[in-house]
Amino acid sequence: MGRAAVAVAVPVDETRIRMSSLWRDGARRLLRNRLALAGGIVVVLLCLVAIFADFLAPLPYTKSNFGRLNEAPSREYPLGTDQLGRDLLSRMIYGARVSMLVGLGAQVIVVLIGVPIGALSGYLGGRMDIFLTRFIDVMYAFPRLLFVILVMSALGAGLMNIFIAIGLTGWVGIARQTRAQVLAIKEKEFVDGARALGAGFGRLLACHILPNALTPIVVAVTFGIPEAIFTEAALSFIGVGINPPTPSWGQMVGEGQQYIRSYWHLCVFPSIAIAITMLSFTFFGDGVRDALGPKLK
Amino acid sequence: MLQYVVSRILWLIPTLLAMALVTFLVMHATPGSPLDPVAEGANPLSPEAQKNLAAHYGLDRPLHEQFAIFVGKAVRGDFGNSFVYKTRTVREIIVDTFPISLLLGSMALALAIVGGLTLGILAAIYQNRTWDYVSVSLATVGVAVPNFVLAVFLIILFSFVLPLFPTGGWDSPRDWVLPTVALALAPMGIIARFTRASMLEVIRADYTLTARAKGLGEVPVIFKHALKNAFIPVVTLLGPMFAAVGTGSFFVESIFRVPGMGRFFVLSMTGRDYPMIMAVVLTYGAFLAIMNLVVDLLYGVLDPRIRY
Numbered sequence: 123m124g125r126a127a128v129a130v131a132v133p134v135d136e137t138r139i140r141m142s143s144l145w146r147d148g149a150r151r152l153l154r155n156r157l158a159l160a161g162g163i164v165v166v167l168l169c170l171v172a173i174f175a176d177f178l179a180p181l182p183y184t185k186s187n188f189g190r191l192n193e194a195p196s197r198e199y200p201l202g203t204d205q206l207g208r209d210l211l212s213r214m215i216y217g218a219r220v221s222m223l224v225g226l227g228a229q230v231i232v233v234l235i236g237v238p239i240g241a242l243s244g245y246l247g248g249r250m251d252i253f254l255t256r257f258i259d260v261m262y263a264f265p266r267l268l269f270v271i272l273v274m275s276a277l278g279a280g281l282m283n284i285f286i287a288i289g290l291t292g293w294v295g296i297a298r299q300t301r302a303q304v305l306a307i308k309e310k311e312f313v314d315g316a317r318a319l320g321a322g323f324g325r326l327l328a329c330h331i332l333p334n335a336l337t338p339i340v341v342a343v344t345f346g347i348p349e350a351i352f353t354e355a356a357l358s359f360i361g362v363g364i365n366p367p368t369p370s371w372g373q374m375v376g377e378g379q380q381y382i383r384s385y386w387h388l389c390v391f392p393s394i395a396i397a398i399t400m401l402s403f404t405f406f407g408d409g410v411r412d413a414l415g416p417k418l419k
Numbered sequence: 036m037l038q039y040v041v042s043r044i045l046w047l048i049p050t051l052l053a054m055a056l057v058t059f060l061v062m063h064a065t066p067g068s069p070l071d072p073v074a075e076g077a078n079p080l081s082p083e084a085q086k087n088l089a090a091h092y093g094l095d096r097p098l099h100e101q102f103a104i105f106v107g108k109a110v111r112g113d114f115g116n117s118f119v120y121k122t123r124t125v126r127e128i129i130v131d132t133f134p135i136s137l138l139l140g141s142m143a144l145a146l147a148i149v150g151g152l153t154l155g156i157l158a159a160i161y162q163n164r165t166w167d168y169v170s171v172s173l174a175t176v177g178v179a180v181p182n183f184v185l186a187v188f189l190i191i192l193f194s195f196v197l198p199l200f201p202t203g204g205w206d207s208p209r210d211w212v213l214p215t216v217a218l219a220l221a222p223m224g225i226i227a228r229f230t231r232a233s234m235l236e237v238i239r240a241d242y243t244l245t246a247r248a249k250g251l252g253e254v255p256v257i258f259k260h261a262l263k264n265a266f267i268p269v270v271t272l273l274g275p276m277f278a279a280v281g282t283g284s285f286f287v288e289s290i291f292r293v294p295g296m297g298r299f300f301v302l303s304m305t306g307r308d309y310p311m312i313m314a315v316v317l318t319y320g321a322f323l324a325i326m327n328l329v330v331d332l333l334y335g336v337l338d339p340r341i342r343y
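As they're listed, the protein sequences go chains B and U. Numbering of the first sequence is given in the numbering used here, commencing with residue 123 and proceeding in unit increments. Numbering of the second sequence is given in the numbering used here, commencing with residue 36 and proceeding in unit increments.
Any given hint might turn out to be false.
Straight-line alpha carbon distances no greater than 25 Å define the calculated SDA-like cross-link-like pairs of lysine to any residue that follow [said to hold, decoys possible]:
1) 185/B with 156/B
2) 108/U with 185/B
3) 108/U with 211/B
4) 86/U with 276/B
5) 121/U with 260/B
Selected chain U positions facing chain B (in silico; Cβ < 10 Å) [claimed, not checked]:
6) 186
7) 195
8) 199
9) 208
10) 301
The hints are simulated quantities; they were obtained by calculation from the structure and are not laboratory data. Every value quoted in this text rests on a predicted model; they were computed, and no experiment measured them. Quick reminder that beta carbons are idealized off the backbone N, C-alpha and C, glycines included.
Please put together the full structure from these sequences, using the hints given.
Set out below in structure tokens:
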């Protein structure tokens with residue numbers, strides 16, 4: 123019954139909303155998708171935890187209590203303590219900060235590099251375009267994680283270097299998407315129209331072509347966030363990511379898994395955190411993709 | 036066709052050279068030299084001894100010369116001595132460890148293909164029913180959750196809660212189960228998703244309708260008519276699958292203490308073992324490039340509509 127109602131309602135809705143805005147239409151469809159909504163809520167909660175970590179964490183993340191090492195969860199330490207007697211819950215809360223910062227921050231860099239390069243190469247064509255597509259081919263042949271690990275081992279561990287490593291490798295995908303979009307849109311009549319009215323190169327690209335190319339870029343970004351979070355966790359897991367003592371979930375899993383036989387809690391709680399975060403972003407990303415462009419599926 | 040194959044094989048050369056160059060440059064931009072006396076486990080060396088060592092390993096020459104020498108030797112399978120395991124050549128180490136990674140990777144890939152196809156087909160046949168939800172949820176978890184996290188959950192579930200398998204090692208086939216599953220889940224999820232989508236499309240195609248109309252039962256319709264066509268787009272995925280299994284093995288091998296190449300890569304990374312790192316990267320790179328080529332050619336064989 124529910125499906126029939128939707129089927130009738132959608133066409134009416136769409137003609138009305140198309141006129142107002144593509145984005146409002148997308149937001150409405152996103153809100154109707156329960157799984158995506160749940161994912162979105164978890165993402166917002168994680169962001170709040172990251173922002174207010176200082177208030178939420180019961181103890182500072184570096185505070186050691188050497189009398190109580192590797193303790194199992196108790197009333198005093200809800201998730202137990204780690205091998206240096208630090209409160210696991212507090213470290214997990216601060217770990218959310220690293221994950222969110224990397225997830226969102228790295229995407230800013232990726233967009234800032236990828237979109238201009240892709241747009242220019244698609245719009246101008248010619249030698250730059252050939253060079254870019256060749257370059258993208260080589261980058262695609264290189265397993266991405268392998269490359270990120272290489273770059274990180276060259277730069278050394280650290281949050282800034284993670285941004286650089288992900289930025290260096292991540293822009294390729296967005297550039298390719300943008301290029302394909304610009305290639306298709308620049309032939310449209312409204313672009314000719316704008317050109318005939320005297321719009322310059324910059325104005326054409328910024329005001330006429332890019333806004334119409336935005337949907338796949340937004341979708342690529344929503345999927346880029348969990349990928350960046352995964353990359354950070356993976357790097358920290360093998361010890362070339364975040365510098366200790368700053369806590370990162372990946373690093374906690376990496377250290378904890380060595381003691382998994384004796385102290386299971388050390389790696390299980392951060393593992394659950396990573397799993398929930400990744401799933402939430404995936405559900406949210408799937409929802410955004412379906413809401414903005416069912417064709418992209 | 037022959038021309039296409041030859042040109043693709045020739046394209047491997049610049050791709051591998053580019054990989055070697057990138058790896059080489061990144062490694063040499065790295066602060067900290069293998070001769071650095073503050074490095075872990077290193078003896079403090081006098082400047083003369085350092086110079087001698089640098090000369091012995093060719094580290095005192097200009098970069099482009101070092102690169103040319105490296106490529107010249109690499110072509111003959113000679114990657115020099117490992118800086119960390121000083122008594123062994125890189126080649127010996129790779130010959131020892133690569134087959135283990137290859138075995139683990141092939142088992143994982145086989146499991147991923149069989150499992151992924153089964154899940155995908157079940158999901159498509161029982162669309163929007165229980166099997167569909169089970170398979171889609173399994174696929175989503177496999178795709179979204181990193182394999183080292185899955186590995187932790189697998190160990191908790193199947194080593195502690197149900198003590199069926201050991202937590203690590205690589206001695207008996209029983210040790211192989213958990214690492215293989217951990218490595219297989221991600222590619223399995225991707226294959227399941229793709230198979231489901233492509234099966235759904237094929238099941239609604241006219242020729243499936245024709246097959247049903249002429250009175251065929253459900254089993255021959257699915258296996259003889261639908262699956263063959265649904266399988267084609269799934270084959271394109273195999274290239275990226277090899278990459279996923281290859282890079283995934285770093286983590287899975289580390290957690291389960293599998294003495295394969297992935298674990299060696301992680302160890303050589305922190306030890307700044309230049310020859311080892313370059314050899315591992317190039318081995319992976321060459322393997323993946325060749326596999327991509329094989330997959331592309333296979334695609335042409337399976338789908339006669341494709342002409343080169």
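So, going through the hints one by one against the coordinates:
Distance check on the hinted pair: residue 185/B and residue 156/B sit about 40 Å apart at the alpha-carbon level, beyond 25 Å; violated. Restraint check for residue 108/U and residue 185/B: not satisfied, since their Cα atoms lie roughly 52 Å apart, outside the 25 Å limit. The hinted pair formed by residue 108/U and residue 211/B fails the criterion: a straight-line CA distance of about 52 Å is larger than 25 Å. Taking the CA atoms of residue 86/U and residue 276/B, the gap is near 23 Å; set against the 25 Å cutoff, the hint holds.
For the hint linking residue 121/U to residue 260/B, the alpha-carbon distance of about 33 Å lies beyond 25 Å, and the restraint is violated. A cut of 10 Å between beta carbons decides the hint on residue 186/U: the least distance to chain B is about 8 Å, and the hint holds. The beta carbon of residue 195/U comes within 7 Å of a beta carbon in chain B, closer than 10 Å, and the hint placing it at the interface holds. The beta carbon of residue 199/U comes no nearer than 15 Å to any beta carbon in chain B, farther than 10 Å, and the hint placing it at the interface is violated.
Contact between residue 208/U and chain B, as hinted, is not supported at the beta carbon level, the nearest pair being about 22 Å apart and thus beyond 10 Å. Checking residue 301/U against chain B by beta carbon gives a least distance of about 5 Å; that is within 10 Å, so the hint holds.
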